[in-house]
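Number of protein chains: 2
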Amino acid sequence: MAEEKKKGITVKKEDDMAEWYAQLCLKSELADYAPVKGCYILRPLGYALWEKIQEYFNKRMKYRGVQNAYFPLFIPESFFKKEATHAKGFTPEVAWIANRDEEGSERLAIRPTSETIMYDSYARWLRSWRDLPIRINQWANVVRWETKATKLFLRSREFLWQEGHCVYETNQDCDREVELFLMEYKDLCENLLAVPVLYGRKTDKEKFAGADYTMTIEAFMPDGKAIQCGTSHNLGQGFAKAFGLSFQDKNGEASIPWQSSWGISTRLIGTTVMQHSDNRGLVLPPNLAPNKVAIVPILYDQTRDIILGKCDQVKNELREFDPILDDREEYTPGWKFNEWELKGVPIRLELGPKDLEADQVTAVVRDTGEKQYIKIKDLKSAIPEMLALMHERMFKKAKQHLESSIVEVRNLDELNKAIEDKRLAKTYFCGEPECEDLIKDKTAGATSRCIPFNDEKAPKGSKCVHCAKEAKWNIYFSKSY
Amino acid sequence: MAEEKKKGITVKKEDDMAEWYAQLCLKSELADYAPVKGCYILRPLGYALWEKIQEYFNKRMKYRGVQNAYFPLFIPESFFKKEATHAKGFTPEVAWIANRDEEGSERLAIRPTSETIMYDSYARWLRSWRDLPIRINQWANVVRWETKATKLFLRSREFLWQEGHCVYETNQDCDREVELFLMEYKDLCENLLAVPVLYGRKTDKEKFAGADYTMTIEAFMPDGKAIQCGTSHNLGQGFAKAFGLSFQDKNGEASIPWQSSWGISTRLIGTTVMQHSDNRGLVLPPNLAPNKVAIVPILYDQTRDIILGKCDQVKNELREFDPILDDREEYTPGWKFNEWELKGVPIRLELGPKDLEADQVTAVVRDTGEKQYIKIKDLKSAIPEMLALMHERMFKKAKQHLESSIVEVRNLDELNKAIEDKRLAKTYFCGEPECEDLIKDKTAGATSRCIPFNDEKAPKGSKCVHCAKEAKWNIYFSKSY
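The listed protein sequences derive, respectively, from chains A and B.
FYI, my numbering numbers position 99 of the first sequence as 99, with every residue one higher than the one before it.
FYI, my numbering numbers position 11 of the second sequence as 11, with every residue one higher than the one before it.
Read the hints as simulated data drawn from the structure, not as lab findings.
By construction, the Cβ of each residue, glycine as well, lies at the ideal position given by its N, Cα and C atoms.
Mixed in with the good hints, there may be bad ones.
[As the list claims (entries may be wrong)] Lysine-lysine pairs mimicking DSS-like chemistry, simulated, CA-CA at most 30 Å apart:
{"#": "1", "chain 1": "A", "residue 1": "K62", "chain 2": "B", "residue 2": "K52"}
{"#": "2", "chain 1": "B", "residue 1": "K52", "chain 2": "A", "residue 2": "K81"}
{"#": "3", "chain 1": "B", "residue 1": "K52", "chain 2": "A", "residue 2": "K315"}
[Claimed, not checked] Residues from chain B that keep clear of chain A, each with C-beta distances beyond 10 Å, as calculated:
{"#": "4", "residue": "A34"}
{"#": "5", "residue": "Q172"}
{"#": "6", "residue": "D212"}
{"#": "7", "residue": "E330"}
{"#": "8", "residue": "L342"}
{"#": "9", "residue": "F453"}
[What the hints assert, rightly or not] Which stretches of chain A does chain B cover? Using the computed rule of at least three CB atoms under 8 Å from a CB of chain B, they are:
{"#": "10", "stretch": "35–41"}
{"#": "11", "stretch": "47–60"}
{"#": "12", "stretch": "71–83"}
{"#": "13", "stretch": "97–109"}
Produce the complete structure using the sequences and hints provided.
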């Protein structure tokens, strides 16, 4: 068929990852470019992945005592000015509303993040230690007026995310939960997306505008670039002071609380796609895939009805795996195999006359392409096992790539070579923002990714990879998206 | 306690419904005013109701073959101009972005509704009859630059909604599903919200800007005002022609498809609150309530541990009803009773020393305040029965109000009286927009609500309630939100 050729991806992942990625997102119908610069469309398959992430994370948040809410899209300009560092960080990329109610009335921004609009309300709601902790999350669209080119899921002017915003009595409570939600993100990446991550602290240069410190999870792509996948910030008391949050503590004294915020976005979809997929199309991790199984009948006139009946029975038995039964008349089995490979369905079940005779199906797993024959009566127990093994294989493969990419470097030459070799450089660093800028300039764009969790301090006497002054941190550097 | 008085609503529903409603929404912590004109905050309880609506309707949409997706917030100005009636209807209330990439580049609107941005993509995606029907929905925020005062949930510059956008081969297919989704909305109101509705066609004056016709569901509030709760539009081929949608039909010919759109919003929350709640607070319909049960232990020193243990056991047994166990030390049982009444929890279970002796709980249903004693071993079967009865009572009561409010009128004087009496006037109407404008002016703001489904045509020889020319429609008029 004419359609068949058009569908395939025309470049190889190993040859041109950027082009491969763009074609893959478009042709698998995950996403499409929008007629508005810097924006893109989450098509049903892409949005279904976001819904799976929401479903997983809503459960985890509920377990952690977080409640969902929704705050306005618009933020008064004066709110940004209240916390100076925050304002400085976000102002360049804010989109503004042209409408004004009266001449000279305040400008309204479209939220790039919601600290300011939420904490203004928190200040009105918070009275007593009994009201603490506050743990509120919102699922929302946010806008950042990027000037760089759009990269589907990874960089766009509008994207979808969740932002959690918590308030605590003490800094210790705050610290503990900044770490807690970081670990929730790490677990989500590992358990749902089969994506291993580095995790730890951001440098002062890379931390969130207005935070005391930022924790991050970082995935590492096959082309040697890292993706920041989620961040969890200890905001200290800066926003609380700026927005007038205070509470009566257990001793009856007025006290200023401590705050945190944490977020993940539709970036996670791009990360997962880039991490696992291949030249035939998407490889969706089984726990994320909206449909775990596609059933393709192999039809001949004589056995057609009986095979379709059998397929229906299989579909019904496997309904907990949201199977697709592709009984469309107008496409060949071969076309359908390509289609469901392109769309990343974890397991394809083929059922033809020979299978019928043996009361079996031919099962093909998406990641390895391996074929096996499974008795129909065994399917219901075999499928979850195959899915679990597939998840393990995908995670292990990605983890092996991450770990084997790490190389220890001690000076700028070694760092340069590591970056050229698409590696993840582990080194010592003084922590100075200026030094970090120079490292980026003097290499092919190496940026600090994170100071590893529980292994933060550089050994006594170690030297910064760039300035050779005494090092403060163990750290990872690499290129990044 | 000092808190106790502050919490109560200080006016009666029957005396000042507007003030009662505002206090109720704020004090029950459903919502709060935002520091941005025309906007409000959905607090966790309010947002939880929206999530229940989403959960219910996502299931129904999936059953109807609808897929969720997400399109950009921004719409190029030129898109609005493509469909003239649509542009005329929406332009006055559009919010615009101030940022421009270059001098003279096109203005961007914030979506007031997404027909235009979605159909631009549909035109690129649609090729063949095999691609039809398209049924895509998005859950999104939309912005309409209202100049009237904000009414929580009912009128605001930003609100949350779902918008379904379908494409069909024939007008018959389109008609059928315009009705189908209208009926889904009616069922949602009845089954989830216990809100009865009138349903039928809008007049030409009231139809959606750009639609061939609009179907609506209308609830009727205790103060004699209707609320438009959801609409389903047959868009004909107007948008398809404007945006260049066409497909190859089964005969190989180029053909123009037919389109529909349909939406419900956070208005449904306000409607439900106003319909059922009372002077003690929210009365949430059981199927909508996020927590169906609140357990309040009555604690004395001697029996404290054993009662708390029993309450824990009850909570665990009833976990499918998402019970709240209110074991807070710092509040009295009386304060807690008020709190959960204010917040509309359908069933309150009290457990004190006397209950303990009899191995029972004291159960109080929110709508009637009726008390019953239930053996702990019977609770698990008694609760769903009590909830089902409560739903029935609430629906019946609201339906009785709706039906007993209908009065047939034959001239403007009778219509005027009906409106003054807070009734819903059923009458005959010529269908002319000018006549409809005059009716609004000459009465205390009566507007047409709907032409009743399956009973549209006025009897032969009947006269329009206003101009006395030959009537075309049976119709309902009332005041409205």
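Results of checking the hints against the structure:
1. Taking the CA atoms of A:K62 and B:K52, the gap is about 15 Å. The hint holds against a cut of 30 Å.
2. Between B:K52 and A:K81, the direct Cα distance comes to roughly 37 Å. Violation of the 30 Å bound is thereby established for this hinted pair.
3. With a C-alpha separation of about 29 Å, the suggested pair B:K52 and A:K315 falls inside the 30 Å cut-off, and the hint holds.
4. For B:A34, the condition that its CB be more than 10 Å from all CB atoms of chain A is violated, with the nearest at approximately 5 Å.
5. For B:Q172, the condition that its CB be more than 10 Å from all CB atoms of chain A holds, with the nearest at approximately 23 Å.
6. For B:D212, the condition that its CB be more than 10 Å from all CB atoms of chain A holds, with the nearest at approximately 26 Å.
7. The Cβ of B:E330 does not lie farther than 10 Å from every Cβ of chain A; its closest approach is about 6 Å, which violates its non-interface assignment.
8. Distance to chain A confirms B:L342 as a non-interface residue, since its nearest Cβ pair spans about 16 Å, more than 10 Å.
9. With a closest Cβ-Cβ approach of about 31 Å to chain A, B:F453 is found to remain outside the 10 Å limit, as its non-interface label requires.
10. Here the stretch 35–41 of chain A counts 6 residues with a CB under 8 Å from a CB of chain B, which clears the bar of 3, and the coverage holds.
11. Coverage of the stretch 47–60 of chain A by chain B holds. Counting CB-CB distances below 8 Å, 4 residues qualify, and the rule asks for three or more.
12. By the rule of at least three residues with a Cβ nearer than 8 Å to a Cβ of chain B, the coverage given for the stretch 71–83 of chain A holds, with 7 such residues.
13. Remark: the stretch 97–109 of chain A is confirmed as covered by chain B, as 6 of its residues place a Cβ nearer than 8 Å to a Cβ of that chain, reaching the required three.
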